[in-house]
Amino acid sequence: MITAITYTAYFCLAALLTVLVGRDLHSNGYYLILDLFDNELFTKTVNNMLLTGYYLVNIGFVAITVGQIGEVDSLVQAIESVSYRIGSIALFLGVLHFNNIIVLHLLSKRKITIINFINN
Amino acid sequence: MTDLIVKTYIAYLPIAILLTFIVARIFFKNSKIFMLDIFSGRQEIAGSTNKLFETGFYLLSLGFALFSMKINKSEFTTFKNEFVDGVRVSTEELSFGMQELFETLSSKVGMLAVVLGLMVFFLMFMLFRGKKKSAEGRANKLSLEKLQQI
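For the record, the sequence lines run as chains R and L.
Per our numbering, the first sequence starts with residue 312, numbered consecutively.
Per our numbering, the second sequence starts with residue 499, numbered consecutively.
Keep in mind the hints are simulated off the structure, nothing from the lab.
Some hints could be false.
[What the hints assert, rightly or not] Sample of chain R residues at the chain L side, in silico, Cβ under 8 Å:
1. N339
2. L343
3. L404
The C-beta atom is built at its ideal place from N, Cα and C for all residues, glycine as well.
Construct the complete structure from the given sequences, taking the supplied hints into account.
Printed below as a string of structure tokens:
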């Protein structure tokens with residue numbers, strides 16, 4: 312019984328984290344991509360595609376790792392395994408997120424080329 | 499004994515989350531001004547970059563807080579080997595009292611605070627660097643325009 316509760320808690324927390332972070336990135340990343348592309352329609356499309364890919368990869372990853380928790384005997388073990396996994400997902404997402412910002416920053420050095428490529 | 503471990507976790511979680519939120523709120527309220535300077539007054543992109551950094555900060559610090567929450571139980575376990583009628587009987591005993599609770603709690607919260615402090619200093623360094631770079635870029639632009647006028 313406690314195993315099932317742990318699985319459910321893990322999946323719900325991880326999905327909630329994914330959706331909250333994804334929504335935030337979707338609404339704030341828009342201006343960064345707009346600055347890079349200078350084309351609203353194209354920016355909206357790319358942004359939505361990025362969000363879809365992000366949800367798929369993340370929730371898929373969570374769904375794969377749900378089964379790796381294994382049997383849980385006690386409350387202590389349940390708290391430990393859920394927090395460890397949620398923490399590692401959050402750390403991974405954080406590293407990926409700063410990586411994305413760095414990539415956008417590096418791309419913005421070749422902004423004029425990209426804007427010409429998109430708008431012509 | 500395991501009751502007290504659960505109590506430690508229950509005490510640790512709100513402290514960690516509250517600490518992260520307070521630090522993030524103070525830091526990112528003040529970094530907005532730097533961002534406006536870096537992006538030379540463009541409100542939208544400065545605000546969204548600030549928000550993106552805030553999300554990343556929350557992810558990294560809460561991720562670290564949860565990742566390092568697990569208490570290493572072997573530190574508090576004593577192993578005993580006894581011979582009863584020529585047969586070895588090994589027993590292990592977990593001693594986790596109120597004293598151990600406060601010791602582990604303070605060491606974990608302290609570790610989190612040190613990591614948060616390092617992250618804040620790193621972000622401050624990045625902000626100062628960005629400010630310097632954008633000032634250089636603006637100076638280059640100005641000198642180029644002057645050259646074109648001549």
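* **Interface hint outcome for L404 (chain R) [beta carbon to chain L under 8 Å]** => It holds, given that the least Cβ distance between L404 (chain R) and chain L is near 5 Å, below 8 Å.
* Asked: Is the hint on N339 (chain R) kept, meaning its closest Cβ partner in chain L is under 8 Å away?
  -> Holds - the Cβ of N339 (chain R) comes within 8 Å of chain L, reaching about 4 Å at its closest.
* Can the hint on L343 (chain R) be confirmed by a CB-to-CB distance to chain L that is less than 8 Å? -> Interface hint status for L343 (chain R): holds (6 Å vs cutoff 8 Å).
Consistency note: the structure conflicts with none of the earlier hints.
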